[in-house]
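Model the full structure from these sequences, guided by the hints.
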Amino acid sequence: MEVFKADVVIVGAGGAGLRAAIAVAESDPALKIALVSKVYPMRSHTVAAEGGSAGVVQSHDSFEHHFNDTVSGGDWLCEQDVVDYFVAQCPEEMVQLEHWGCPWSRKPDGHVNVRAFGGMKIERTWFAADKTGFHMLHTLFQTSIKYPSIKRFDEHFCADLIVEDGRAQGVAVIEIASGEFTLIEAGAVVLATGGAGRVFRENTNGGIVTGDGMAMAYRHGVPLRDMEFVQYHPTCMPGTGLLFTEACRGEGGFLLNKDGYRYLQDYGLGPAEPEPRNKAMELGPRDRLSQAFWHEQQKGRTIEGPLGSVVHLDLRHLGERKLRERLPQIYELADEFLGVDPALTPIPVRPAVHYTMGGILVDGRCASPLPGLYAAGECSSVGIHGANRLGSNSLAELCVFGKVAGLEAAAFAKAAPRSASATLLRQAQAVEQKTRALVTRSDGTERIATLRREMAATMESGCGIYRLADTMQAACDKLDELRARFRNVRIEDKSSVWNTNWLLAIELGYQLDVAQAMAYSALNRKESRGAHQRLDGFEQRDDAHFLKHSLAHYNGEAQPRIDYGPVKITRSQPAVRAYGAAGEKAEKEARHG
Amino acid sequence: MARTITMEVLRYRPEQDAEPVLQTYELPFTDDMSVLQALLHIKDELDETLSFRWSCRMAICGSCGMMINGKPALSCKTFLRDLYPGPVRVEALNHFPIERDLVVVMEDFIDKLERIQPYIIPKAPRTLAQGEYLQTPAELEKYEQFSSCINCLLCYAACPQYGLNPDFVGPGALALLHRYNADSRDGGAAQRMELVAAEEGVFNCTAVGYCSEVCPKHVDPANAVNQNKTTAARDYFLSFLMPKGGKK
Amino acid sequence: MKRSNAPIFWGLFGAGGMLAAILGPALVFITGIAVPLGILLAPDAMSYANMMAFAQSWIGKAFVLAIVPLFLWHAGHRIFHSLHDVGIHGGTGARLICYGGALLGTLITLWALLSIGF
Amino acid sequence: MSKRRPYTRPMAGWWRKNPFFVEYMIHEGTALFVAAYGVVLLIGLVCLAQGEAAWNGWLAAMKHPLAVIFHLAVLAMMSYHSWTWFKIMPKTMPPVVIGGKRLAPAMITGGGLAVTAVASLVLLGLAWGLTR
Ligand SMILES: Cc1cc2nc3c(=O)[nH]c(=O)nc-3n(C[C@H](O)[C@H](O)[C@H](O)COP(=O)(O)OP(=O)(O)OC[C@H]3O[C@@H](n4cnc5c(N)ncnc54)[C@H](O)[C@@H]3O)c2cc1C
Ligand code: SF4
Ligand code: F3S
Ligand code: FES
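Chains A, B, C and D supply the protein sequences, listed in that same order. The opening residue of the first sequence carries number 1 in the working numbering; numbering runs sequentially from there. The opening residue of the second sequence carries number 1001 in the working numbering; numbering runs sequentially from there. The opening residue of the third sequence carries number 2001 in the working numbering; numbering runs sequentially from there. The opening residue of the fourth sequence carries number 3001 in the working numbering; numbering runs sequentially from there.
Everything labelled a hint here was simulated from the structure, so no lab data went into it. The beta-carbon is built from N, C-alpha and C at its ideal position, and this holds for glycine as well. Some hints here could point you the wrong way.
To be verified - In silico DMTMM-like links for lysine to aspartate or glutamate, alpha-carbon gap of 20 angstroms or less:
#	chain 1	residue 1	chain 2	residue 2
1	D	Lys3003	B	Asp1017
2	D	Lys3101	B	Glu1141
3	B	Lys1077	A	Glu336
4	D	Lys3003	B	Glu1141
5	A	Lys322	A	Glu251
6	D	Lys3003	A	Glu180
Stated by the list, open to error - Example chain B residues on the side facing chain D (calculated, C-beta under 10 angstroms, incomplete):
#	residue
7	Lys1071
8	Arg1100
9	Phe1109
10	Gly1163
11	Gly1188
12	Gln1191
13	Asn1226
14	Lys1229
15	Ala1233
This is how it looks when you write it as structure tokens:
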């Protein structure tokens, strides 16, 4: 087995991983960085983000506003001290990206432009047309090329962490092109492997978003926090789940039911006005909008299509010119994938799974409870999203906490003692053996595609927009069964070169573990909060019992153990989450009272 | 009755095939199916051993480029309805060595990307405290189109000059090089000129133009390459007028 | 990295291509069709006297010097690349024929224009 | 030991496999006609330098039916060269911005063809006027 000795190894080269790598490289050029990614960095799913990234810039805006929007948006399940740090760092990180070349959209005077986004009181979403994630990712990737100390392992699949002497000390990776293993030794490991949306059926995520890092950390005893909170995005393409960005609504798009009625006004988000108003109607938060869809569907007011019920995203009144300028990619998506010209016809949309709020438990400095292991980005739970993430906070998170994770890992790596290489190698060889056994065994009978399909259908029915104890229980039982069946999986492809059959099997193993953590965390949260909404007697938020983070602990072949951790409240006490006119009223009262 | 469509996929498994061979699959056809979805169907239901790259499904990650009926295209935004009744032939991207099945070796491109210095070399350095550089929408427009390259390599598969001479830096990387040169914040054009004007640089291009024809993101790489011929030529002749350090 | 000397040839190619694109068709029509067939233009339009007068004038000399060599350079460069395109990477041989031919043509043009006198 | 064994496909006959490339080869092929025409003019020039008899010989040769047919072919290819030259032009030049708007490719191609048309008329007019 080949061995590469690094100071810091970063798994994942999406926005978070790249930002971390650059932070390490800038902090000390002598540190050797290994940057591992199962796809070429620019293929990472950050590339798909459309709408924008948050950062306070306008003079009538403030960190306090951004803080309040984030904490209330997260239904008070946020670590408020971490949110404070986050909102204060966002603008600087956005400017940093600007200096690195990110083509932010501009105002006529040359300053960066910002747009409105769901749940945000004031426009503070930086954007690069409707390809913000794409531009951020390419900017970060291309900038990372400047640093010779970053050694990339592109198309290398991380099979496991190497934990020795109670510390994360490296990773074992598979070179996809050859199927050969490499041990990367390091003083610290950063996980930046992204979300896990693919455990659901209809989702906005790329094929690679399979929760690998979450599962790896989890299997090594690091709890997964708040996994029951999975965000549905209200405006996705039926069937494929592809996303129509929230910016469609930020620019003034309407959501209409089958009667052409802006139904959101019936769900506490009104009044309906022709111009977009922040935190009202179509610019309400995603959980509320997805829930409203569900209710409309129950009332039979959605439009029935071949790929499920839909409502209409109406952009016609914006006109072709504005659409082409502000939402060019959306225009093309609708046109090419659906054959719908959004300037002439409303786009059929429905909610789909979009984002995993929970993730690897880390503190405000991105350190997990396992010494030497750090996490950043969607795979982590640093505590800023709570029970529901606000759009555009995630891209900003990648930069703010990618940097923190990199710096902290670098500092840790410098100080940490290293175990003997031979010990680490022995571990890596054990990983290799175990991973290869998936392929070499000949007695498996379970098909990967079948297991995956059953898992996704289970998650959709058990952990959807609204949840019930019995369907959640059924989902938990089914996932137990699927995990058992997975141990009997069959891999047809026995070759070494680019064996995606093998990699898909490993990913499925990761996904099943993550799905199980989600389902059990959901079942145990007996209240409704943010993206976790129940209809079985627990319709209300229950701060007395559940103003706390859930923690899922890995338990081998058995079910995960769920317990709870405290939520850091500094100055914002839980209150009613109100939007639209009601929200404004509540805010006024709070200010005067 | 459910309709079906035939796909002919170029297979190459280095551990068992001496050279690529076509394999035929018959699968159910629906109106909304992309070529990528068809391949995923094959992989899930018919043949687990077929390998190909994909991820985003929405024409932005650049993974899924392949030859579809002889033309370079993104499989996730090529729809079977436009190719019905088929058969549809799918092959690995031209001009790159095939690693396996539809997967090509793309290290050469990555290597070129690294050589074009694809990052801002500041004209006037600025600290974070000074805030953002000012850039008007008109200045943004000068390079924006070239910055939307998704590195899908379709243009390389389209460019015969790259096929004939793999040393040629090629359309995609040169478009990105031009993207930085054309950015009002950047002052690195002179530094990048060495590669533009080198033997592996822009003059390999004979203005075939097919690169821009197939580009799924309207980058127009042919334009970037050819604009730089003019710049390189100017620089070349100026270097005679001002022999030492004449580069400006 | 070795600097390419292509700008010289590419420049000549471009200039010749532009001239051929703008003036080529009309020239071919005049010299190859209209005058020989006596349509549109006087049959003696290209009489010895006329042409000598033209070739002895500065303007005429400049015109000829632009057209003939640049057409040859344009064509030579294109043909050189086309040979490469169809898989004949003649290297020095192809270079000699294509660019050597154009150079020879240029020299002959100069010689002819000089010997025609002023 | 790595089992990688990348396979490189041959390029032979590439230009026959795609209509776009066939067209490319044809427009590149116009160079043969430009070259031939350049040589015809060159020979004429040499004849002119050699005196009246040689020149008249050249003129006579130009009247030969085969010469005329050949020139018709050259005219066709030369015109095709013009068309393709201007068709590619938008791809080869820096964007032209007029009044804050980028000039459309069709305008550039059209502009080139218009220049050609005007130049052709001027050339014909001069030839007509000067030899009257
Ligand atoms: C369609 C869409 C639109 C969005 N729009 C917005 C928006 O407008 N604003 C906003 O703030 N957020 C948005 N988001 C959310 C945001 O884009 C993501 O949360 C964020 O990009 C995740 O970045 P990341 O760096 O954590 O992970 P990713 O970008 O997903 O990167 C993960 C990396 O980990 C690597 N990796 C994973 N597993 C392994 C393994 N086993 N071995 C090796 N490498 C591995 C991958 O190769 C990849 O490089 C959007 C998300 C989606 C899906
Ligand atoms: S220039 Fe276009 S075709 Fe070429 S890699 Fe970029 S996006 Fe793809
Ligand atoms: S196809 Fe190739 S030859 Fe030039 S115009 Fe495009 S790079
Ligand atoms: S799958 Fe991402 S571009 Fe096609």
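For each hint, the structure was consulted:
1. Taking the CA atoms of D:Lys3003 and B:Asp1017, the gap is near 12 angstroms; set against the 20 angstroms cutoff, the hint holds.
2. Straight-line distance between C-alpha atoms of D:Lys3101 and B:Glu1141 comes to about 10 angstroms, which keeps the hinted pair within the 20 angstroms bound.
3. Simply put, B:Lys1077 and A:Glu336 have alpha-carbon atoms about 7 angstroms apart, close enough for the 20 angstroms limit, and the pair holds.
4. This hinted pair does not check out: D:Lys3003 and B:Glu1141 have alpha carbons roughly 47 angstroms apart, beyond 20 angstroms.
5. At roughly 9 angstroms between alpha-carbon atoms, A:Lys322 and A:Glu251 fall within 20 angstroms of each other, so this suggested pair holds.
6. For the hint linking D:Lys3003 to A:Glu180, the alpha-carbon distance of about 9 angstroms falls within 20 angstroms, and the restraint holds.
7. Interface restraint check for B:Lys1071: the shortest CB-CB distance to chain D comes to about 7 angstroms, inside 10 angstroms, so the restraint holds.
8. Evaluation of the B:Arg1100 hint against chain D yields a held restraint, the C-beta minimum of about 9 angstroms falling below 10 angstroms.
9. Nearest Cβ of chain D to the Cβ of B:Phe1109: about 14 angstroms, over the 10 angstroms cut. The hint is violated.
10. With a least beta-carbon distance of about 5 angstroms to chain D, the hint placing B:Gly1163 at the interface is held under the 10 angstroms criterion.
11. With a least beta-carbon distance of about 19 angstroms to chain D, the hint placing B:Gly1188 at the interface is violated under the 10 angstroms criterion.
12. Taken as an interface hint, B:Gln1191 does not check out: its beta carbon lies about 20 angstroms from the nearest beta carbon of chain D, beyond 10 angstroms.
13. The interface hint given for B:Asn1226 is met, as the beta carbon of that residue sits about 4 angstroms from the closest beta carbon of chain D, less than 10 angstroms.
14. Interface hint at B:Lys1229: satisfied, since its Cβ lies 8 angstroms from the closest Cβ of chain D, which is below the 10 angstroms cut-off.
15. Among the interface hints, the one on B:Ala1233 is violated; its C-beta lies about 12 angstroms from the nearest C-beta in chain D, farther than the 10 angstroms criterion.
The structure is inconsistent with the numbered hints 4, 9, 11, 12, 15, although it conforms to all the rest.
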